[in-house]
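Visitor: Sequences and hints are given; from them, build the entire structure.
2 protein chains.
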Amino acid sequence: MHQVDFINGKTRVFGIVGDPIEQVRSPEMVTWEFHQRQHNAVMIPIHIAQNDFDDALPDIMRMRNLDGLIFTIPFKVKAMGLAQTLGPQASIVGAINAIKHQSNGDWCGEIFDGLGCVEAFKRRGIALKDKRIQLIGLGGAGSAICVAVAQERPSLMRLFDLNERSTAQMLKLVKQISPQTVVEVGPPCCDGVDVLMNASPVGMLSDARLPLSVATLNKDLVVFDAIVMPENTPLLTLAQHCGCEVVRGREMMLGQISKLVDYFLAP
Amino acid sequence: MHQVDFINGKTRVFGIVGDPIEQVRSPEMVTWEFHQRQHNAVMIPIHIAQNDFDDALPDIMRMRNLDGLIFTIPFKVKAMGLAQTLGPQASIVGAINAIKHQSNGDWCGEIFDGLGCVEAFKRRGIALKDKRIQLIGLGGAGSAICVAVAQERPSLMRLFDLNERSTAQMLKLVKQISPQTVVEVGPPCCDGVDVLMNASPVGMLSDARLPLSVATLNKDLVVFDAIVMPENTPLLTLAQHCGCEVVRGREMMLGQISKLVDYFLAP
Chain A
751 MHQVDFINGK TRVFGIVGDP IEQVRSPEMV TWEFHQRQHN AVMIPIHIAQ NDFDDALPDI
811 MRMRNLDGLI FTIPFKVKAM GLAQTLGPQA SIVGAINAIK HQSNGDWCGE IFDGLGCVEA
871 FKRRGIALKD KRIQLIGLGG AGSAICVAVA QERPSLMRLF DLNERSTAQM LKLVKQISPQ
931 TVVEVGPPCC DGVDVLMNAS PVGMLSDARL PLSVATLNKD LVVFDAIVMP ENTPLLTLAQ
991 HCGCEVVRGR EMMLGQISKL VDYFLAP
Chain B
751 MHQVDFINGK TRVFGIVGDP IEQVRSPEMV TWEFHQRQHN AVMIPIHIAQ NDFDDALPDI
811 MRMRNLDGLI FTIPFKVKAM GLAQTLGPQA SIVGAINAIK HQSNGDWCGE IFDGLGCVEA
871 FKRRGIALKD KRIQLIGLGG AGSAICVAVA QERPSLMRLF DLNERSTAQM LKLVKQISPQ
931 TVVEVGPPCC DGVDVLMNAS PVGMLSDARL PLSVATLNKD LVVFDAIVMP ENTPLLTLAQ
991 HCGCEVVRGR EMMLGQISKL VDYFLAP
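In order, the protein sequences belong to chains A and B. The letter at position 115 of the first sequence is residue 865 when you use my numbering, and the numbering goes up by one with no holes. The letter at position 247 of the second sequence is residue 997 when you use my numbering, and the numbering goes up by one with no holes.
Worth double-checking, as some hints may not be accurate.
As the list claims (entries may be wrong) - Simulated crosslink set (DSBU-like; lysine-lysine; CA at most 30 Å straight-line):
1. A:K760 to B:K760
2. A:K879 to A:K922
3. B:K828 to A:K760
4. A:K881 to A:K828
5. A:K881 to A:K925
6. A:K760 to B:K826
7. B:K760 to B:K872
8. B:K872 to A:K828
9. B:K879 to B:K969
10. A:K879 to A:K760
11. A:K826 to B:K760
12. A:K925 to A:K879
13. A:K760 to A:K881
14. B:K828 to B:K922
15. A:K925 to A:K872
What the hints assert, rightly or not - Stretch-level coverage of chain A by chain B, calculated; a stretch enters the list once three of its residues show a Cβ under 8 Å from a Cβ in chain B:
16. 752-763
17. 778-790
18. 869-878
19. 970-977
Calculated directly from the structure, the hints in this document are not laboratory data. None of these values were measured; they are calculated from a predicted model. In this text, a Cβ means the ideal position worked out from N, Cα and C, and glycines have one as well.
Guide: Right under this line is the structure:
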């Protein structure tokens, strides 16, 4: 028939905006999720130079068959300016990584890093409620993870980030979200902790460091690392060596895609 | 693996711009052609409202992974303003239906209706050189077909369009392109003709008319109709009934896509 079956004139378009763009995984993964749900849509890579973002994005958003965008490096902060309203998670975190065209014409911003992380734990059957959690890293993804984890009402959250201002902000936020959670701030350690979470960049790519000073880990600890590349970070390698259950960055990414597509396809 | 295999961060993006957009066939057909040639690219539908075209297009064209656009109703005329240079066919016809991002940053416009028509005849093994041709309709597609057919150096071209100015322009142009071709203007008829071509809209959709007054056709006549919907126009139905060889609008479309992708992928 001289035609492919995955795109046509009725296909709804979504995009991931970044610079560079070739390394992004969302086009193949989010499009897969659309197809799983029998939704005629694709997510395309949109490569915009940093200097072009402010002029180009509002006009790209005039495409009437464009229903949503996600933002990656270096546009996560600038993206905020494109949203007329914020979803519940973005309102608390104060940052977005996606916008959706609403039926009233407004673009609504939302953030999915934290929801994706919690979804990954749910898919493993691990409840975070009443757990004692050490979270390392409170940057873009880390602060979203901190908020989503706090919403699960753990019994203890220990927070660490090199940026003391971020740490103080998150301390306050966790107390507001979950008043019954004990919140502590200080150098990361695993004593009296059920779940160790790394949301810092330590261990990414060829970085051989651990995000905290330990020689061994208790085998009952569940260890999560938000890093996707490499799949086995130094932290996760140590955790597996010590017999711990590990939750990988890839699982968070899949959880995030699922939550993102829920959002994009909601009426 | 939770991912599709037809789109990723490295995928080059092409688009068809129109309003409305849902009826276009290029996304599935041009993307198929890219894939046949092992080129990692998709053609997406781009729905732009008429009032948004002038503002939106230059900014959409800032997408660094966007390599080309084609234009359909109602943007075929406006598209001309987006091209900094014109390809050889567009220079003669004075219209474009596609633009391509060149390595020097310029966008070059070209038109493929005529080349697609000639390609359809080539694929059937029918040479137009030294043939006697009656062409009906010298509008957007018709004038491009007229130029491309003249370039094949037929022995005779008889031209007809309700618009006398278009007819006079094309008469002049055919004489320039192929000085040895006899060019005539007048009401369409099939006497002394080898190939009858309809590029007028007569016979489109539910229009039951023939583009010329005939009750029967000589079985040696080759009959072409540029109309895609319906596949069997009143003219082609009559031609088949009379035992003529017919060349369909769909074949021209496939020829056009092939020539278009040649152009898009040329260095």
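Visitor: The structure should be examined with respect to each hint, and the outcome stated for every one.
Guide: Structure-based check of all given hints:
1. Distance hint between A:K760 and B:K760 is fulfilled; the C-alpha atoms sit about 23 Å from each other, no more than 30 Å.
2. Note on A:K879 and A:K922: the hinted pairing holds, with a Cα-Cα distance of about 19 Å set against a maximum of 30 Å.
3. At roughly 23 Å between alpha-carbon atoms, B:K828 and A:K760 fall within 30 Å of each other, so this suggested pair holds.
4. A C-alpha spacing of about 35 Å is found between A:K881 and A:K828, which places the hinted pair above 30 Å, so the restraint is violated.
5. Straight-line distance between C-alpha atoms of A:K881 and A:K925 comes to about 16 Å, which keeps the hinted pair within the 30 Å bound.
6. Of the pairs offered as hints, the one joining A:K760 and B:K826 holds, with about 21 Å between alpha carbons and a cut-off of 30 Å not exceeded.
7. Pair hint B:K760 plus B:K872 does not hold up; C-alpha atoms about 35 Å apart against a cutoff of 30 Å.
8. For a cut-off of 30 Å, the pair hint linking B:K872 to A:K828 is broken: about 53 Å separates their Cα positions.
9. Simply put, B:K879 and B:K969 have alpha-carbon atoms about 20 Å apart, close enough for the 30 Å limit, and the pair holds.
10. Our distance criterion of 30 Å between C-alpha atoms is broken by A:K879 and A:K760, whose separation comes to about 43 Å.
11. Under the criterion of a C-alpha separation no larger than 30 Å, the hint pairing A:K826 with B:K760 is consistent with the structure, at around 21 Å.
12. For the suggested pair A:K925 and A:K879, the alpha carbons sit about 15 Å apart, so the restraint of at most 30 Å is met.
13. Between A:K760 and A:K881 the alpha-carbon distance is near 47 Å, which puts this suggested pair outside the 30 Å criterion.
14. Our distance criterion of 30 Å between C-alpha atoms is met by B:K828 and B:K922, whose separation comes to about 25 Å.
15. Note on A:K925 and A:K872: the hinted pairing holds, with a Cα-Cα distance of about 23 Å set against a maximum of 30 Å.
16. Coverage of the region 752-763 of chain A by chain B holds [criterion: at least 3 residues with CB-CB distance below 8 Å; count 11].
17. Counting residues of the region 778-790 of chain A whose CB lies closer than 8 Å to any CB of chain B gives 6, which reaches the minimum of 3, so the coverage claim holds.
18. Counting residues of the region 869-878 of chain A whose CB lies closer than 8 Å to any CB of chain B gives 0, which falls below the minimum of 3, so the coverage claim is violated.
19. For the region 970-977 of chain A, the stated coverage by chain B is violated: 0 residues have a C-beta nearer than 8 Å to a C-beta of that chain, whereas at least 3 were required.
The structure shown violates the earlier hints numbered 4, 7, 8, 10, 13, 18, 19.
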